[in-house]
Amino acid sequence: MSMSEGKDKDKVKMVDLQSLLQETGVNEVLDELDRELVGLAPVKTRIREIASLLVVDKARAALGMEGTRPSLHMCFTGNPGTGKTTVAMRMATILHRLEYVRKGHLVTVTRDDLVGQYIGHTAPKTKEVLKRAMGGVLFIDEAYYLYRPENERDYGQEAIEILMQVMENQRDDLVVIFAGYKARMNTFFQSNPGLGSRVAHHIEFPDYTVDELEKIAETMAAELGLRFSATAREAFGEYLELRRQQPNFANARSVRNALDRARLRQARRLLEAGHVDADMLVTLEDADIRASRVFDESREQVNGGEAAC
Amino acid sequence: MKITQGTFSFLPDLTDDQIKKQIEYALEQGWAVSIEYTDDPHPRNTMWEMWGLPMFDLRDPAGAIGELKECRKLHGDCYIKINGFDSSRGFETMRMSFIAHRPATEAEYRLEREEGPGRTVHYKLQRVYA
Amino acid sequence: MAKTSTSAKEDAGQRTTGNTSKRYQAGVLKYKDMGYWVADYEPTATDIVCLFRITPQEGVDPEEAAAAVAGESSTATWTVVWTDRLTASENYRAKAFDVQPVPGTPGQYFAWIAYALDLFEEGSIANLTASLIGNVFSFKPLKAARLEDMYLPPAYIKTYKGPPTGIVVERERLDKYGRPLLGATVKPKLGLSGKNYGRVVYEALKGGLDFTKDDENINSQPFMHWRDRFLFCMEAVNKAQATSGEIKGHYLNITAGTMEEMYRRAEFARDLGSVIIMVDLIIGWTAIQSISEWARANDMILHMHRAGHGTYTRQKNHGISFRVIAKWLRLAGVDHLHAGTAVGKLEGDPMTVQGYYNVCRDDHLVRDLPRGVFFDMDWAGLRKVMPVASGGIHAGQMHQLLDLFGDDVVLQFGGGTIGHPMGIHAGATANRVALEAMVLARNEGRDILNEGPDILVAAAKTCRPLEAALATWKDVTFNYASTDTSDFVPSASVA
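Protein chains in written order, with the working numbering: chain A, 180 to 488; chain B, 1490 to 1619; chain C, 157 to 651.
Don't read these hints as lab results, they were simulated from the structure. Fair warning: there could be bad hints in the mix.
[Stated by the list, open to error] From the derived model, a few chain B residues whose C-beta atoms are all more than 12 angstroms from chain A:
#1 Gln-1494
#2 Leu-1500
#3 Leu-1503
#4 Thr-1527
#5 His-1531
#6 Thr-1535
#7 Met-1536
#8 Arg-1548
#9 Arg-1591
#10 Gly-1605
[Said to hold, decoys possible] Simulated crosslink set (DMTMM-like; lysine to aspartate or glutamate; CA at most 20 angstroms straight-line):
#11 B:Lys-1491 x C:Asp-331
#12 C:Lys-332 x B:Glu-1538
#13 A:Lys-304 x A:Glu-278
#14 C:Lys-395 x B:Glu-1595
#15 C:Lys-317 x C:Asp-534
#16 B:Lys-1558 x A:Asp-320
#17 A:Lys-306 x A:Glu-340
#18 A:Lys-304 x A:Asp-320
#19 A:Lys-304 x B:Glu-1597
#20 A:Lys-306 x B:Asp-1546
#21 B:Lys-1558 x A:Asp-351
#22 A:Lys-282 x B:Asp-1546
#23 C:Lys-362 x B:Glu-1595
#24 C:Lys-362 x B:Glu-1601
#25 C:Lys-332 x B:Asp-1528
#26 B:Lys-1613 x C:Glu-607
#27 A:Lys-282 x B:Glu-1517
#28 B:Lys-1510 x B:Glu-1525
#29 C:Lys-351 x B:Glu-1604
#30 C:Lys-395 x B:Glu-1597
#31 B:Lys-1613 x C:Glu-402
#32 C:Lys-395 x B:Glu-1513
#33 B:Lys-1562 x A:Glu-307
#34 B:Lys-1510 x A:Glu-278
#35 B:Lys-1509 x A:Glu-307
#36 B:Lys-1510 x C:Glu-600
#37 B:Lys-1510 x C:Glu-607
#38 C:Lys-630 x C:Glu-607
#39 C:Lys-395 x B:Asp-1529
#40 C:Lys-362 x B:Glu-1597
Since we're looking at a predicted model, the values are computed, not measured. Every residue gets a Cβ at the ideal spot worked out from N, C-alpha and C, and that includes glycine.
Model the full assembly from the supplied sequences, consistent with the hints where possible.
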């Protein structure tokens, strides 16, 4: 039945898309995502778009039309600590609620889970992972490590071949999400155009702004039962400005590390103080932040290893 | 003559869709699904060949159906059965087992009799090859 | 709380109500005063606890009646005896510690009584029963008494070997999983000669049943000597195995007048290659345990027919509840036990019957009053007994049976197989197809209780024997009020 046939028919068979969406419970997941992750506006927009696409598909099915099951293999690019894994988990739930995947579980792997160490090892290894992931979402972190052209004896290519096959022929059974640094993912897809052409959605996860990082810090601190004093908050803002320009900045993860270090300093400070009250126990002071080496300009240097904290 | 082993042998051969639903049931119960095949369906042969290991972490039948199809390709002349294994206390055994593929010609057995003292007979099953 | 001055040992850890200070002076005392009523006694981890349903005579106080039961099933006699003082008597006294009126039945009471482990010989049901029920049921101050349920501690359970095979190993030996097993008793009950008996077995097994069965009164009569039955049946079993490729069995009844004869028959069954033998309950507890040991030593599945139990299990006010018999049989060691059908021709309310099935099959019993399970009880890893549903059931009830009892059960359709209009083979096929179709549907998630009849009709489309069976028996039900229902929920027999 097409839309152009008889207005009466259309009037009788109307589909309320909003309530259809409501029924699936997807809105709860989207709202939870909004609360859980600070910023990430373009990401959240894209997720809502995908949800809308699938709801429209459901409506088409409800009105008896042929469904066009879209390909939903995705690629998440961005620096570490920008929420890629969290979003992947929520994506799996959303796809399940919209009945795009049957079970909605998430299987997270890296190259080592897919690639074997000797001839004949890779295919069964990759197939095992795929079997486990079927009915849900397969999340491959730092996917570009699958491809090591410089090493002749590398078996990653075999895993790539198997992945491509499944992504093409078993779209009903599995959604694949690749993740990693943007530049390296681009190179990876250029070297493996077959794989790249099967990815329908490329979603960028931008670095957080300092404001957003501060908000994240507040939330994390609250979860730990702590709060920033006014001066501490100011100090932390300065800390973030300095730290994010240094190498190996991992966004939310780096905030978490900084907070942990601040707690240590607070503990030492409190112990020296001797007598403490409830307020002192929960408050991070300016000193707990400024003790970081990041503020010590004379020691600021680029070293490829662990950054100053 | 039909070898009527397995849970559903008296029904018409199961379609892949019916097989999928049975695997779904096994997964819901938390059982590990495995595939075995043999060309020797003697009733005392309880150890068929394993097609891969039991699939312990499966969430969806698709993976198992894929394996079944692979097994059929390679061992289409064998009997193939699908099992569900329950590792919980009080069981620790198979809870489901049914034939998912039969060879083009069914195996046949003939009863061999060896007469003993009195009127006793000792029996053996001998495979008959057409 | 008066403490006696006669024995310091007696006071240790025990509080009593009732006046025990004159305990050992000659004369007749109330049982309550002799220490058999201990109001807030907490059973220890090794105590056995019995739940009796007692109907005291008019004028007899329920606590006194309970104390009397405790006394008469342990150390008391009707008058004080000085020789009691040669013993650590408080250890051997059973302790009645709680009495509750039975809901809805005036004059009837539940009485809980605890027994110390020392009272019992290890691994002997004969001793257990002689102790608990040997004396007290004839006791005049009680109008009626029933042993309703028992709690057995792991310390006691571990003195038994339990079922020689158990559900798990039985299935592994038969290589059959995922569905109930099917059986049938050979009919007519009496009169067939060995060869013709074997024919019935062959047709039924070939048609699709897993087992056929001797009836309880088939032992060795003028019309058929046991050896001939065994010979012809094993021919039938082996022929059926060859045509089907499945393991088949016939429960050869080895019940006889003496143990020696029973062993002879069991050995012959083994030598002929049978996987299973059968005995009747009336052989007695000692014989049952002996045969159980033999079965284990000879890789034989042991089927128990509960012949005669109805004489003492059926009336609610007097006798022994079948759930206690089932517990004793699991300890003594049987692999199959007739436990009721709920929907067939023999007595059994559905909830109560499910309670019996739980006693047989659970690793850990959970207190469930509507099903008549009064105690949480762990079976300490004792193997599980396969319940058998036998008596007036037919293929048209398959959905009810599967829903009530699950997979681990033997469904026996005697008349329902042999009485099939198209013959025994067809009867067996009808049952097997009905069962497999129902299991398939249940696994697919269908509501078999409501859709059952439709599922059977659909399966009958490709199975004429099933079609004929449904047409012949579709209106057969056994709808009488059960005599033994739970006190805790109103329930009717299943239509």
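Next item on the list: Would you pick out the hints that fail for this structure and give their numbers low to high?
Entry: 8, 13, 16, 19, 26 and 32
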